[in-house]
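Just so we're aligned: 39 in my numbering is position 46 of the sequence shown, and the numbers increase by one with no gaps anywhere.
Please note that a few of the clues may not be correct.
[What the hints assert, rightly or not] The list that follows gives simulated cross-link-like pairs (lysine-lysine, PhoX-like), each with its CA atoms no further than 20 Å apart:
#1 Lys42 to Lys20
#2 Lys1 to Lys12
#3 Lys48 to Lys12
#4 Lys42 to Lys28
Please keep in mind that the hints were generated in silico from the structure rather than gathered at the bench.
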Amino acid sequence: MNKKELVKAISNEINLNQKDVENCIDKLSEIIIAKNSIGEFVDISNLGKFMIVKKNARTVRNPKTGQTLQMNEHYSPKFQPKSIYKQIIKSAIIDKENEIKSNV
């Protein structure tokens, strides 16, 4: 599902026009990025937590060339899903696999 499809799905579910929904999604993204960029996390119940994590400096190896490089300390975005989200996704995938197996 891409952004346009998401906007349309939300618009149909809550009876808002698509432009308003698109603006909400854009603003949500902006707020998450802004809060993460100053070290704060954004926690959305039943979905998960958007945060940044500090990665220490380390030596890495390019697997293609074998060359070793020094990677500097940096921050990286991380999404930590809530357990309810993981349970729903896990059971949905299992159900889909069972459906596929039963149709074969």
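The hints, checked one at a time:
Our distance criterion of 20 Å between C-alpha atoms is met by lysine 42 and lysine 20, whose separation comes to about 17 Å. Note on lysine 1 and lysine 12: the hinted pairing holds, with a Cα-Cα distance of about 10 Å set against a maximum of 20 Å. With a C-alpha separation of about 38 Å, the suggested pair lysine 48 and lysine 12 falls outside the 20 Å cut-off, and the hint is violated. Between lysine 42 and lysine 28, the direct Cα distance comes to roughly 12 Å. Compliance with the 20 Å bound is thereby established for this hinted pair.
Hint violations for this structure: number 3 only, all remaining hints satisfied.
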